[in-house]
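Enquirer: Position chains P and Y relative to chain Z; hints supplied.
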Amino acid sequence: MISARLGLYGSLLVAAVPLALTIAVGLLSLLPADSALHVPGYVVTLLGKYLAYALLALSVDLVWGYVGILSLGHGAFFALGGYAMGMYLMRQIGTRGVYGDPVLPDFMVFLNWQELPWYWYGFDHFAFAALMIVLVPGALAFVFGYLAFRSRVSGVYLSIITQALTFALMLAFFRNDMGFGGNNGLTDFKDLLGANLQAGSTKAGLLIATGAFLSFFFLVCRHLTQSRFGKVLIAIRDAESRTRFLGYRVERYKLLVFTFSAMMAGIGGALYVPQIGIINPSEFEPANSIEAVIWVAVGGRGTLVGSMVGAVIVNFAKTVLTGTFPEIWLFVLGGLFIFVTLFMPRGIVGLFTGLRTWRSQPAKVRKQLTGRALEAGE
Amino acid sequence: MRRWVSGLLLLCAILPALAGGRLARADEIDDAIAGFAGNFAEVEQAIGALAATDDAVAPKILEALADGRLRIGPDHSLYIEDAKGALVEARTGAAADPPGKLKPVKVNNRVRRAVEAAMGQLTLLSPDPGQRMNAADTLFRSPDPGRLPALEQALAEETDARVKALLEQARAAILLMVPETPDADKIAAVETLAARGDQAARVLLGTAAEKSSGEIAAAANAALKSIDRELAFWSGVQSVYYGLSLGSVLLLAAIGLAITFGVMGVINMAHGEMVMLGAYTTFVVQDLIRNAAPGLFDYSLLIALPLAFLVAGAAGVAIERGIIRFLYGRPLETLLATFGLSLVLQQAVRSVFGPSNREVGNPSWMSGAVDVGGLVLTYNRLWIIVFSMMVFALLILLLRKTALGLQMRAVTQNRRMAASMGIRTDAVDSLTFGLGSGVAGVAGVALSQIENVSPNLGQSYIIDSFMVVVFGGVGNLWGTLVGAVSLGIANKLLEPVAGAVLGKIAVLILLVLFIQRRPRGLFPIKGRAVET
Amino acid sequence: MNAAPVATIGGTPESMQPLLYLDGISVSFDGFKALNGLSLVLDPGEMRAVIGPNGAGKTTMMDVITGKTRPDSGKAMFREADLTQLDEAEIAALGIGRKFQKPTVFEMHSVFDNLLLALKADRRPSRVLFASTRAIERERADGILEMVRLTGMRGRMAGELSHGQKQWLEIGILLAQEPELLLVDEPAAGMTDAETEQTTELLRRINETRSVIVVEHDMTFVRALAVKVTVLHEGSVLAEGSLEHVSNDPRVIEVYLGR
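Protein chains in written order, with the working numbering: chain Z, 1 to 378; chain P, 1 to 532; chain Y, 1 to 259.
Be careful, since some hints might not be right.
Here are some chain Z residues the structure puts well away from chain Y; computed CB gaps all over 12 Å [stated by the list, open to error]: (1) 19; (2) 23; (3) 34; (4) 36; (5) 126; (6) 178; (7) 219; (8) 235; (9) 239; (10) 282.
Covered by chain Z, according to a simulated footprint, are these stretches of chain P (three or more residues, beta-carbon under 8 Å) [to be verified]: (11) 316 to 327; (12) 335 to 343; (13) 458 to 468; (14) 507 to 517.
Honestly, the hints are just simulated from the structure, not real lab data. No experiment lies behind these values; they were computed from the predicted model shown. Backbone N, C-alpha and C define an ideal beta-carbon position, used for all residues, glycine too.
So here's chain Z without its partners, still in its complex pose (with noise of 0.2 Å):
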């Protein structure tokens, strides 16, 4: 594991990079235009886009790196964190939006609303929307993980049943009278604790929060997958029932480590939200999962540092291939998931870690290592 031979000092470097990177960027960014160093506003917002989609990708490979839960759902709690964070942005347009109605966001005076639904309630709140921005993700993914975990639903299963739990609040979440907006989703933000969503000083600093909180939780999955626990989620990938003969009650280890990683997925949508100026149902879409599950697979599961390396290089590619040739790049995605599960088993970050050791290692270790690392505690 890389994270292993990096040790404490080689870890709080690697932490050290997100949120250097985006103090430094929100930072020029805040020079004159006519600056030669000033960043224009949209590279502030595509990489606070990367960065928010890294942290997505740092708690699929929490659960799918180190325990073999390969969720297929994770976008659902990327997407209800944003929800969150969205509905508290509704609440702070007040009177500004097209209709002015003082209660009422405009997509309910459009469909005739007569008052705001109680689960609406408190969002005007920064504090409780950051509350539930962890909660509901959280929530959801302790129940639907206290069922699945409980009656031993593994592998291939559980994947199928993450995709069909997305695909469902897909739909739900389309549906106009759920009272988040439906189609359109939530959009025409204003401000965040008071400070104009539009002006530059906002997107930098923004940006520079998703940078901290991507070098926090770097640092904490780092902890938790290098302590004892770590340890046990490893032996629970590898080997579930060695586990449990051993007295560990698996399921309780998933379920932490499972409802953990959507919180931090959700925080992750609750970034992106207010950058990109949007959320709405597409998010839910299966496909938008399957894609976070390839970022990590591209930059190397189960090394934390290679799902962000990974989440950001695949976005810094869709954005310049969509740009120049969008009829390519789905063929550039579809093809990147079959390159990397055949010839990159442990991604990016595999090939430049793994040479050294690798080569020290006799062929039938080697292809032992590379098994038992992709079996996913099958």
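Expert: The following block gives chains P and Y in isolation, referenced to the frame of chain Z:
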């Protein structure tokens, strides 16, 4: 008999003028014809009067009027222009030499409706039972007390039981409308309508229940209740039928997956794209037929079936050889790689055929519908149910009775043992996967008949298909059948209660909960073999 | 106590409460009876060899004892605890350790970490989350390493071990749990003669302090253990006694040894 007599008595009582109508027909026809010279209202009256004569010329004149072929001369006599443009005298049918300039009789919507109603009455006596039936039905839907005598006459002469039943219903509808009808007859009419038991009868009875009192109202209300029960029953049956239809679609989509996932344990996320390939094969076949041999269009699906099987099957073999065989024993990796493949295939089809829906036509034998009781069964759905059962039966036979099936089961149960017995496990893997994919292609042919053929066709089925297979119990084709049909029916039964989207969400959530309670599905394969 | 296994043949003394008590256990899979009224009594400190042809129910019996499979009927007691009511983790905590037929160790962890994870300790996630490795744990793990002859492999990944070494490591994992009863499934499978001999020795040493049930095919190995033997056939006990005794039983000869 008694009813018939009282009907006649009633006739004499309420419609004395019409009772002797048939005697004065020559005059009446002339009078009626004269009306065609007037304004729309007069024309409308004239239509009624003409129809009331029941003369053989009446339908000809009305038909010509509806078609815009009726001309009127300065002397107010009518002429009909036939298809070739020749004129005949309307009354006699003889070739005509009109005295002056002819004007067409103008038609507006009200006139058209009047013509339709009149035609309906006139055809009560047509020699063609189908026409008589239509006429009776028209009369039932717009009951006209003025037509009662004609109706009674038609009833007396009618020999066809089905037409007779319809005529009786039309008569009952009229009798209920007329306040003077004796109570006994009204109650009999209520019974007749109750026996008909459909929405139209319900409307008539509802009016009767409101307008009358006492015994008749009670009878009408009782009849309403029984009809409501009947209707609820049929709508339940209809839901089940829709569910069966959806279930057969799910079965088609899932059964190939039941082989690749259930029997081989391979997660093929590109399975939906195999379905899509089958649908596009159908499109290409129809396109070629339209251009090259339009006469073969009715056979287009039969031609497409083997081709779709081959196209998707070949794609499946290529996928197995090119990707999946390197990933055996690593199901999650297989899932990711095949998902990537599905993206590539979707984009490829989008690049070749464009992103929009492609139209695939229904051959004539798949269009239309048949009524069974209170059900409307469309032929395309009916065929798909039949077709899915045929595919299922064929697959069961293939797995149970053929050498290939035996080898497949041997390889999936114990690969090493099978190999040592001389079975070429590689080839069996490829063929099994090809078979599953080919079946998906065949499903695509069927789905092209009820779905939009677009690059996303397969995507919309993949989650449902996996749910069906997992629900039914992996590795068990019968489980897939039961799973598909019960999911289909559950979906359609929930739809009227919860709405389509919520119904679907509810089914998904129920499924997720079900899988958590019984992770191995409805019909699990038990024992140690599963654990390894 | 030192079990003198051969001496206990002939029945359990009235005064001694059995450690493991299986009575009339039946398990069926889709109509196939994997266990059919199986009964077995194990005394504290005893080592028992269980033999029987493939499909006799040996592994299913272990599954029932360790909570992996719930019996359809019958009684399974470990001292006072009803095993049919507990799950794997609870049974492990009671003091029953199990070695799988196919050696199963944590291949991505070092040999030392394998033992560390298995050491008897609070297994709750909240405790494990903040656990640090104490000196006494190191000592115990190192002690076990020595016992299973893997001291030289301490820092190596478990995945790098040979098949025989993995078998030992798994036995070491079991020992680290400090169980009262070890269930050992085919410990000598795939071992060289020298390794088999060492395994025999290891099991004898373990039996000095713990009870053991060994499932084995290898007759030389069973003979070398020189303990009471239970022969399973079609899910129930066919014969029980010393190896010599059961190998002279005509029914045993017919179904198993004679072939």
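Enquirer: All hints, please: hold or fail.
Expert: So, going through the hints one by one against the coordinates:
At the 12 Å boundary, the C-beta of residue 19 of chain Z stays outside the reach of chain Y, the nearest C-beta of that chain being 25 Å off. The beta carbon of residue 23 of chain Z is kept farther than 12 Å from every beta carbon of chain Y, the shortest such distance being approximately 31 Å. For residue 34 of chain Z, the requirement that its beta carbon stay farther than 12 Å from each beta carbon of chain Y is met, with the minimum near 53 Å. Against the 12 Å criterion, residue 36 of chain Z stays outside the reach of chain Y, whose nearest CB is about 49 Å from its own CB.
Listed as outside the interface, residue 126 of chain Z is consistent with that label: its C-beta sits roughly 30 Å from the nearest C-beta of chain Y, beyond the 12 Å cut-off. Every CB of chain Y lies more than 12 Å from the CB of residue 178 of chain Z, the least distance being 35 Å, so the non-interface label holds. With a least CB separation of 15 Å from chain Y, residue 219 of chain Z remains clear of the 12 Å interface cut-off, as annotated. Chain Y draws residue 235 of chain Z into its interface by the beta-carbon criterion, the shortest separation being 5 Å against a cut-off of 12 Å.
At roughly 5 Å from the closest C-beta of chain Y, the C-beta of residue 239 of chain Z falls inside 12 Å, breaking its exclusion from the interface. A cut-off of 12 Å between C-beta atoms confirms that residue 282 of chain Z is not in contact with chain Y; the least separation is 36 Å. Taking a C-beta to C-beta cut-off of 8 Å, the region 316 to 327 of chain P contributes 3 residues in contact with chain Z, enough for the three needed, and the coverage statement holds. Counting residues of the region 335 to 343 of chain P whose C-beta lies closer than 8 Å to any C-beta of chain Z gives 8; at least three are required, and the coverage claim holds.
Counting residues of the region 458 to 468 of chain P whose beta carbon lies closer than 8 Å to any beta carbon of chain Z gives 3, which meets the minimum of three for the stated coverage. Against chain Z, the region 507 to 517 of chain P contributes 8 residues with a C-beta closer than 8 Å to a partner C-beta. That satisfies the three-residue criterion, and the hint holds.
Going through the hint list in order, the structure does not satisfy hints 8 and 9.
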